[in-house]
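A.B. asks: The listed protein sequences correspond, in order, to chains A and B.
The numbers in this note's numbering rise by one with no breaks, and the one at position 161 of the first sequence is 161.
The numbers in this note's numbering rise by one with no breaks, and the one at position 17 of the second sequence is 17.
Subject to a maximum C-alpha distance of 30 Å in a straight line, what follows is the list of computed BS3-like cross-link-like pairs (lysine-lysine):
hint : chain 1 : residue 1 : chain 2 : residue 2
1    : B       : Lys-364   : B       : Lys-200
2    : B       : Lys-371   : A       : Lys-51
3    : B       : Lys-359   : A       : Lys-122
4    : A       : Lys-127   : A       : Lys-51
5    : A       : Lys-211   : B       : Lys-375
6    : B       : Lys-364   : B       : Lys-375
7    : B       : Lys-371   : B       : Lys-359
8    : A       : Lys-211   : A       : Lys-421
9    : B       : Lys-375   : A       : Lys-497
10   : A       : Lys-344   : A       : Lys-360
11   : B       : Lys-375   : A       : Lys-127
12   : B       : Lys-371   : A       : Lys-497
13   : A       : Lys-125   : B       : Lys-359
14   : B       : Lys-371   : A       : Lys-127
15   : A       : Lys-51    : B       : Lys-375
16   : B       : Lys-245   : A       : Lys-344
17   : A       : Lys-122   : B       : Lys-371
18   : B       : Lys-200   : A       : Lys-122
19   : A       : Lys-127   : B       : Lys-364
20   : A       : Lys-337   : B       : Lys-245
21   : A       : Lys-497   : A       : Lys-211
Treat the hints as calculated values from the structure; they're not laboratory data.
Treat the numbers as computed from the prediction; the structure is a model and nothing was measured.
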Amino acid sequence: MISTELVDLSRLQFAVTALYHFLFVPLTLGMTFLLVTMELTYLVTAREIYKDMVKFWGKLFGINFALGVTTGITMEFQFGTNWAYYSHYVGDIFGAPLAIEGLMAFFLESTFIGLFFFGWDKLGKWKHFMVTVLMAVGSNLSALWILIANGWMQNPVGSDFSFVSMRMEMANFWTIVFNPVAQAKFVHTVSAGYLTASLFVLGISSYYLLKGRDLDFARRSFRVAAGFGFASALSVIVLGDESGYTVGEAQQTKLAAIEAMWHTEPAPASLVAFALPNEETRRNDYEIRIPYVLGLIGTRSLTGTIPGISEIKERNRQRIIDGVLAVKALEALRRDKHDEAALKVFNEHKADLGFGLLLKKYTADVSTATPEMIQQAVDSTVPKVAPMFFGFRVMVALGFGMLALFSLALLYSIKGNFMEKKWLLRWALLFIPAPWIAAELGWVVAEYGRQPWTIYGVLPTHLSVSNLTPSNIYGSLAGFVAFYTLLLVIEMYLMVKYARQGPSSLGTGKYHGEAAYAQGAR
Amino acid sequence: MDYETLKLVWWLLVGVLLIGFAVMDGHDMGVGALLPFVGRNDVERRVVINTVAPHWDGNQVWFITAGGAIFAAWPLVYATAFSGFYWAMMAVLWALFFRPVGFDYRSKLQNPTWRNTWDWGLFIGGAVPPIIFGVAFGNLLLGVPFQFDDTLRSTYTGTFWQLLNPFALLSGVVSLSMIVFQGANFLMLRTEGDISRRAKTASLIFGAVTFVTFALAGLWVMNGIEGYAITSHIDPNALPDPLDKTVIREAGAWMHNYALYSWAKWVPLTAFIAIAAGMLAARMNRPGAAFIASSVACGGIIATAGVSMFPFVMPSSLDPRSSLTVWDSVSSQMTLGLMLGATVIFMPLIIFYTSWAYKVMRGKVTVEYIKAHDKSVY
Chain A
1 MISTELVDLS
11 RLQFAVTALY
21 HFLFVPLTLG
31 MTFLLVTMEL
41 TYLVTAREIY
51 KDMVKFWGKL
61 FGINFALGVT
71 TGITMEFQFG
81 TNWAYYSHYV
91 GDIFGAPLAI
101 EGLMAFFLES
111 TFIGLFFFGW
121 DKLGKWKHFM
131 VTVLMAVGSN
141 LSALWILIAN
151 GWMQNPVGSD
161 FSFVSMRMEM
171 ANFWTIVFNP
181 VAQAKFVHTV
191 SAGYLTASLF
201 VLGISSYYLL
211 KGRDLDFARR
221 SFRVAAGFGF
231 ASALSVIVLG
241 DESGYTVGEA
251 QQTKLAAIEA
261 MWHTEPAPAS
271 LVAFALPNEE
281 TRRNDYEIRI
291 PYVLGLIGTR
301 SLTGTIPGIS
311 EIKERNRQRI
321 IDGVLAVKAL
331 EALRRDKHDE
341 AALKVFNEHK
351 ADLGFGLLLK
361 KYTADVSTAT
371 PEMIQQAVDS
381 TVPKVAPMFF
391 GFRVMVALGF
401 GMLALFSLAL
411 LYSIKGNFME
421 KKWLLRWALL
431 FIPAPWIAAE
441 LGWVVAEYGR
451 QPWTIYGVLP
461 THLSVSNLTP
471 SNIYGSLAGF
481 VAFYTLLLVI
491 EMYLMVKYAR
501 QGPSSLGTGK
511 YHGEAAYAQG
521 AR
Chain B
1 MDYETLKLVW
11 WLLVGVLLIG
21 FAVMDGHDMG
31 VGALLPFVGR
41 NDVERRVVIN
51 TVAPHWDGNQ
61 VWFITAGGAI
71 FAAWPLVYAT
81 AFSGFYWAMM
91 AVLWALFFRP
101 VGFDYRSKLQ
111 NPTWRNTWDW
121 GLFIGGAVPP
131 IIFGVAFGNL
141 LLGVPFQFDD
151 TLRSTYTGTF
161 WQLLNPFALL
171 SGVVSLSMIV
181 FQGANFLMLR
191 TEGDISRRAK
201 TASLIFGAVT
211 FVTFALAGLW
221 VMNGIEGYAI
231 TSHIDPNALP
241 DPLDKTVIRE
251 AGAWMHNYAL
261 YSWAKWVPLT
271 AFIAIAAGML
281 AARMNRPGAA
291 FIASSVACGG
301 IIATAGVSMF
311 PFVMPSSLDP
321 RSSLTVWDSV
331 SSQMTLGLML
341 GATVIFMPLI
351 IFYTSWAYKV
361 MRGKVTVEYI
371 KAHDKSVY
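Chain A extracted, bound-state conformation (with noise of 0.2 Å):
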């Protein structure tokens, strides 16, 4: 039996290293594609002051990319050593993405990512303009096939068990690319990122021109970030809509949590607004609901019925039971792979065969579960209801709040009396951790709602882990904790450090406090 403190902290592990990789992916998946912007405008405008900006705000995207880039590697590396029963069973669809993400999209970000820093005396204008599209193209198909893999995880489709090689294996390829799930979170995903990375330099530029520097500068920087941000926050919030939510069992899983919806309601659905949901009476002790708008969104139709959690859970009951049929059925073909029966067993309950696995946790024998493991199985289905509907909300809210500031940003810009508007630059300013915020809760809601399955139907988290000692885990964990809280301090001390230094740390002496500087040092 595979012991829950070692499960527990291995996904506490993933957790801690997967939210902080996501501080990082945001800004460089948005801040790519804005140096493209200011890169372009430099060239058909020819003025240096965009070449400045290109350069100034390359400088903050570079040490925010390095550790994007540091704990990248520790994604890539945790899935072989702390999930390696993961590895194995699904690595004949999982890797693959994976290792076309290396060839198609790393290879070409990091390559050129070198060539924008480092080769702007070397290289003619229009090339380097090339360099930096091809960086920000790689590092967006990176996200793409980064969401491939985990679209599947949500949604497990163009695949089939093997009881032979006792793992799963693609049958269709094409159906794992162009999985809606994944399709949806790619473009939400790179959507918040551009986002993230228009409030970034929204915000700095707001706090130069809140401090009375780099005016012209500022202004143009805060210009191309207005406009950007409030394409972004349109498209963040249009495509990330609950619509995606309705494909795949896993996601009406989610649906029902994030909306707190203990029953299947008469479609269409209303949509509860705010609410206290809870666990123990499995009902919400007060609610405000607005008619009609859930089941509209979520279908698209005025006839579609969303399921409730009572209800998904007895589907899944029927599920767990179907399902131990598939696992002695298995066990019996491990044993003697021309067991005639056996097979034709497995064969008919192979589609359950996931969710007789999750009644391991509990019995090592899984038909001698008994009516309260069964009970168990079945509760452990639905993720905890609060950490989703509140996330959820909290993600929405801050959401609409960056659409607002990127409207009025966007509007004032387009009357050019934004300098003015004090309180606007100080919301702007004040805004900068929200896209953090939104993305970290993001994450939370689709990967925690995903549980008890690391792949939603096929593979309980609880047997995807290494088989490892609680005390290895414990070891690692700590070394995570403090390299990355040592990392942490370093970047945002140069962050902060450049960001308040401005463009003068281009060194070109055009900048505030250059000549000042010049003047004291003689």
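Following the hints, position chain B against chain A.
C.D. replies: Chain B alone, transformed into the frame defined by chain A:
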């Protein structure tokens, strides 16, 4: 393409990726390992760092992609090796942490303590991973204590300290000196004056160490190590099930392929010749030729390990039947075929634009260059 051929092709491709990693990421790791010794003051160290500054990130992707390809092509190897060698992998990972931040952050502050600390960080990031990869290869040749249960869940019964046995440590020295040799030749090529002279000394020293330790390790394998051999019939076209075979340990089994195939001896011989040629070229102040020769040496040394063990990839000392081979640790035919397609399309592109990047940044990195670009280079 039939399944058997695909399995063989992927054995070759994993080898190609590992060699690509040693040649490309190897030279910047070697430069990192030499950094504190060949750069005696801040500006010299900046020269050293900036020889690889535009390229280390792209080169590191060889490592990432080799990892991803092993995950996709040999999922059982990826799962068993990474979880079994848990602390060794953590050590590699944490050592690698020093590279991106070391390169990018070092010269962002003037403080000498800050810069000196990162220089040693880059040293760790350059020296520790090659040692551990060498140690890991040594342990693969010895066999690793793991076994599978009926559901193919692996259990590793060894400890981290057992990995550090004499033969594996010798392999670690082979690997480290090979990488430093490679780095020294690159550094010689891209610098001038004192730094280039020191790099030349390092090239001659580490070339010699590589030659001697590789020879010692070879003698040890010939005379002192039990290899592994499959004793049951293997159907190379079957779906992989590692438990469906019998394996024995026997002295001299790692020499079978050399007896079986007359060309096989040319793999280690190429490595020896290339090391000698690399040293000769360095001595004659022909760093370009030396770099090519040490790249070939990297290939020869890694291929020697592969050829000796073939068809084994990760033999099990605890339960030889659980050993992982090219026949039974692989992905499905569809995944292997698909990944081959992706490699055939993208690998030439990668080689093309990587070469272009080196061409753009060609020429010696000098103290004057660093001083002229104080704010923009590392």
